[in-house]
Amino acid sequence: MAATAVRVKALRGDSGRFRWRTPVVAGGVRGAAQDAAAGRQDYDLLVIGGGSGGLACAKEAAQLGKKVAVVDYVEPSPRGTRWGLGGTCVNVGCIPKKLMHQAALLGGMIRDAPHYGWEVAQQVPHNWRKMAEAVQNYVKSLNWGHRVQLQDRKVKYFNIKASFVNEHMVRGIAKGGKETLLSAEHIVIATGGRPRYPTHIEGALEHGITSDDIFWLKESPGKTLVVGASYVALECAGFLTGLRLDTTVMMRSIPLRGFDQQMSSLVTEYMASQGTQFLRSCTPLRVRKLPDGQLQVTWEDLKSGREDMGTFDTVLWAVGRVPETRGLNLEKVGVNTNPDSQKILVDAREATSVPHIYAIGDAAEGRPELTPTAIMAGRLLAQRLCGQSSDLMDYSNVPTTVFTPLEYGCVGLSEEEAVARHGEEHVEVYHAYYKPLEFTVAERDASQCYIKMVCLREPPQLVLGLHFLGPNAGEVTQGFALGIKCGASYAQVMRTVGIHPTCAEEVAKLRISKRSGLDPTVTGC
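For what it's worth, numbering that gives the first Met the number 0 labels the leading residue of the sequence shown as 0, then goes sequentially.
Keep in mind the hints are simulated off the structure, nothing from the lab.
Errors might be hidden in some of the hints.
Said to hold, decoys possible - Restricting the straight-line Cα-Cα distance to at most 20 Å, the calculated cross-link-like pairs of lysine-lysine (PhoX-like) are:
1) K129 / K139
2) K129 / K217
3) K97 / K217
4) K174 / K160
5) K342 / K160
6) K155 / K177
7) K288 / K302
8) K288 / K222
9) K139 / K97
10) K217 / K139
11) K331 / K160
12) K302 / K342
13) K155 / K174
14) K177 / K160
15) K129 / K222
16) K508 / K434
With the sequences and hints as input, model every part of the structure.
This is the structure in structure tokens:
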């Protein structure tokens with residue numbers, strides 16, 4: 000077919016969807032620039048970012064018949080860690096985290112096993128290298144799977160670092176320096192974020208690692224200091240402790256900021272009971288490498304003002320994340336960002352200040368930094384652009400789980416948020432401590448296994464939030480999230496027949512209100 004062959008192409012009309020016209024196909028960098036200037040675009044949709052949200056958007060649009068390209072490039076971490084297609088979740092987030100969490104849980108099951116009749120040696124060593132290799136091989140299989148899925152859907156993939164040239168064109172630089180110009184009628188920014196390094200702390204960058212590195216270490220991190228109190232910090236500290244590594248968490252203020260604080264306190268209480276050490280109200284001042292290779296960390300106790308120090312094999316920074324927006328040249332095309340967070344400002348349609356440029360996922364301001372929300376937002380955006388739906392992403396009542404040793408699942412409002420929004424006199428909280436059946440024979444401590452349901456006090460007592468601390472919290476929370484999303488009332492939950500014997504059934508047995516002052520401990524069946 001000749002280079003000037005005509006193909007049907009979708010372009011955006013006034014409605015924000017694609018309208019149809021017939022452009023001329025041109026080749027080469029110069030040809031691409033000339034075509035873009037003339038209003039002819041290479042693609043209907045260009046997605047910048049090959050993470051969960053970007054891939055979901057690209058695949059959905061391609062399935063609906065659009066010509067789609069994805070550009071993705073991973074800058075190596077300061078420690079030199081790099082990975083493949085799939086974004087944070089696949090490579091350095093949810094997937095390897097959950098697998099290492101599972102490895103730690105298995106260690107606990109080994110300790111339980113003798114109570115159930117298994118004659119298992121209690122000093123079974125853990126082989127970090129073997130675990131890491133297995134996890135990394137699985138992640139690499141997912142990288143390959145994403146490549147295959149894009150190819151199957153005829154989505155063009157470019158491993159290039161992109162930045163805007165104009166409103167419809169990006170320039171991509173490959174690893175070897177080769178330049179590619181790509182133009183599109185619609186562009187979606189889904190670049191996600193990366194861990195923040197506290198560069199004001201001496202030695203932080205030179206001697207520390209982040210979640211970008213921990214899952215790709217070939218050797219055990221050994222004695223580890225985790226700096227931060229986010230869910231990333233506590234999840235990493237939890238599985239490191241579970242793998243029988245000496246682990247300390249240094250927290251400047253409260254744990255799990257933004258989550259229900261009663262639940263957050265119970266999370267850290269359980270972690271401490273399992274061996275994780277906590278340095279509270281402390282902040283690091285400097286990190287120095289000793290002649291023997293260990294890291295000497297000096298910190299300040301914010302309450303006393305005194306300095307103290309300790310030695311560790313690894314220092315893991317988990318002090319927040321920053322969006323990958325600075326290198327996109329957004330100011331050139333007029334895409335507005337929050338000057339403080341550097342996140343892209345979007346409306347309910349995920350649209351930026353430039354009508355045909357959109358942003359989803361962690362790079363967008365005010366969006367939950369969660370893989371499933373980015374995936375759904377990406378799919379819905381593609382459907383709207385293709386005229387298949389007008390549905391907007393609903394960011395309310397999004398469930399999530401913190402995979403600490405005792406898992407914490409939640410959906411809806413925290414108790415603090417409910418009180419702030421509705422007033423304490425209008426909020427009723429039903430709660431209970433319970434003991435999982437699996438903990439009984441093994442004589443495990445269940446002091447922190449706790450559930451609370453936050454409701455409006457006035458009938459029909461709409462459920463505002465559910466908080467569950469215990470085994471398999473994600474599985475439990477996912478099910479109840481549907482009911483809460485559909486507007487379930489307290490009475491409806493109480494009329495739900497439980498599955499016995501499970502931890503989930505305890506949610507449907509919450510009879511005691513905090514306001515009553517009665518003992519909320521569940522004694523058994």
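Here's how the hints hold up against the structure:
1. K129 / K139: Roughly 15 Å separates the two Cα atoms, so the pair holds.
2. K129 / K217: holds (9 Å)
3. K97 / K217: holds (18 Å)
4. K174 / K160: holds (8 Å)
5. K342 / K160: holds (18 Å)
6. K155 / K177: holds (17 Å)
7. K288 / K302: Not satisfied, since the Cα-Cα distance of roughly 27 Å exceeds 20 Å.
8. K288 / K222: holds (14 Å)
9. K139 / K97: holds (16 Å)
10. K217 / K139: holds (15 Å)
11. K331 / K160: holds (17 Å)
12. K302 / K342: violated (33 Å)
13. K155 / K174: holds (18 Å)
14. K177 / K160: holds (10 Å)
15. K129 / K222: Holds: K129 and K222 sit about 19 Å apart, inside 20 Å.
16. K508 / K434: The given pair, whose Cα atoms are some 13 Å apart, holds under the 20 Å limit.
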